[in-house]
Amino acid sequence: MSNARPDPEARLDAASEWLADRALTGIGDAAALTAVPSSRRLASALDESLELTAAAVDLALFPPRETPPAGLRAKVTARLERISEAAHGSAPLPRSPAPPATAPLTESPRWGWYAAAVAVAIAAFAWWPNPRSRQVVEPATPDALRLALLETPSTRMIAGACTDDPLCAAQESCGDIVWNPERGEGYLHLVGLEPNDPQEFQYQLWIVDATRDERFPIDGGVFDIPADRDEVVVPIHAALPVGQAALFAVSVEKPGGTVVSDRRFVLVAPVG
Amino acid sequence: MPQDPPTSHPSDDGPSRAQSGPPILPRVAAGDPEAINECYDRFGGLIWSLARRFCHNPSDAEDAVQEVFIDVWKSADRFDASIASETTFVAMITRRRLIDRARRRSRRPPMPTLPEQAAAPPESIGDAEMSEDVRLAAEAFEKLRPEQKQVLRLAIHQGCSHEQIATTTGMPLGTVKTHARRGLIKIREILRAQGKLIDEAGNRPGEDEA
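Respectively, the protein sequence lines represent chains U and X. Sequential numbering from 84 applies to the first sequence in my numbering. Sequential numbering from -17 applies to the second sequence in my numbering.
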């Protein structure tokens, strides 16, 4: 019996149930997602049909009838105009090198050398005598860089769905990804995920690239959540160039991370 | 405190224009700056109404609306008119953002205080400006079992968790999950039988590899 192949209809149900949970509550059931074969997991994660269904039912049951306050139009249009202007010719924000992360990111040795070189360059630049100012250039925090990236063209914020893993603090945690595909730059933002003991396990970010074989997601880096932090922002350092990010996921892995995930997910963020 | 049933009439800034007029999201996707105000005209009431329902106070709702509009602006290129209406697409993006904010803000959305009459659809459906997929969703909803309707109303209204719904209704948690999932999936299948949520090539999103 244990060797029997899963019923294809049962697989579809598992995927649909996971999507239904996500559409209604923002939380996907980890067990349901795990039951979905890896060959279907990407397609399932990208499926918005049940979210669209929930939206249509919402509009049908609770038709929008409120009028926005008078001042809101100016706020919205100002922000959109800023984005639109940035997208049409004004100088893009300088790409900031990765600063010290709120949650330290462990990288592979190959990228470690690169990071070290960048760090040296940053330090050299920051301390180079400036004839016009003696101000010390303060490295931007990951949170500030995340917000700056959010304002740049092509950047998207992708909502993450936490699973029902116990590390998600009784399903009260959440997160999002701010990702700029043109720059290949992004930040993982997590709230309420349980702190980890790096000697016991670490969190690892994965990026499913639609231009690559889905079975081999890109390692986005290993990171820790300190015990005194309820909220962390982690710069994403993809081990390989990302062609088209389709899904971000955070898993629980052995210390140091792994090249093949155990697929114990705590957060899934389909790009859509 | 229970929310009053929606009784106000749409105004010029209101949501009634959400379902009318030529498509605007393709212009948004193309970066047409002239589309900014039109986009607000068309969806401002829709997004604001949803935000007021999910957010505790007007200030929070205003912040949420700004975030949603940025999401809409950046997601417009994904809109496919053959799958859903612009209104439903924007409502989906809005709901996603609001559910995420609600979880982030309180980690525990407030218990629903939904009066039954607020959820009753007959007065609210059938408007001439209602998009077809919304009208079909309303009809499909009426085909559900009463328990499924009850659970879905609570789940959709404020993104309540299964646990909250179980507490509110007294149903076992597993029953709530089953009603919510099966009810929503059934509505989707009814919509698909009507040709909705299927792209021009006939693909059903997410099922192309099945």
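Warning: the hint list may mix true and false statements.
Which bits of chain X does chain U cover? Going by a derived footprint, with three or more residues having C-beta under 8 Å, they are [said to hold, decoys possible]:
1) 44 to 55
2) 124 to 130
3) 149 to 155
Derived, one-sided and incomplete: chain U residues facing chain X with beta-carbon distance under 7 Å [what the hints assert, rightly or not]:
4) 103
5) 109
6) 135
7) 142
8) 151
9) 155
10) 160
11) 167
12) 230
13) 309
14) 312
15) 313
16) 316
The hints are simulated quantities; they were obtained by calculation from the structure and are not laboratory data. Glycine included, each C-beta is placed from N, C-alpha and C at the ideal position.
Comparing the hints with the structure gives:
no., hint, verdict
1, 44 to 55, "holds (count 8)"
2, 124 to 130, "violated (count 0)"
3, 149 to 155, "violated (count 0)"
4, 103, "4 Å, holds"
5, 109, "4 Å, holds"
6, 135, "5 Å, holds"
7, 142, "5 Å, holds"
8, 151, "4 Å, holds"
9, 155, "6 Å, holds"
10, 160, "5 Å, holds"
11, 167, "5 Å, holds"
12, 230, "12 Å, violated"
13, 309, "19 Å, violated"
14, 312, "15 Å, violated"
15, 313, "10 Å, violated"
16, 316, "13 Å, violated"
Figure legend: structure checked against the earlier numbered hints; hints not met, in rising order: 2, 3, 12, 13, 14, 15, 16.
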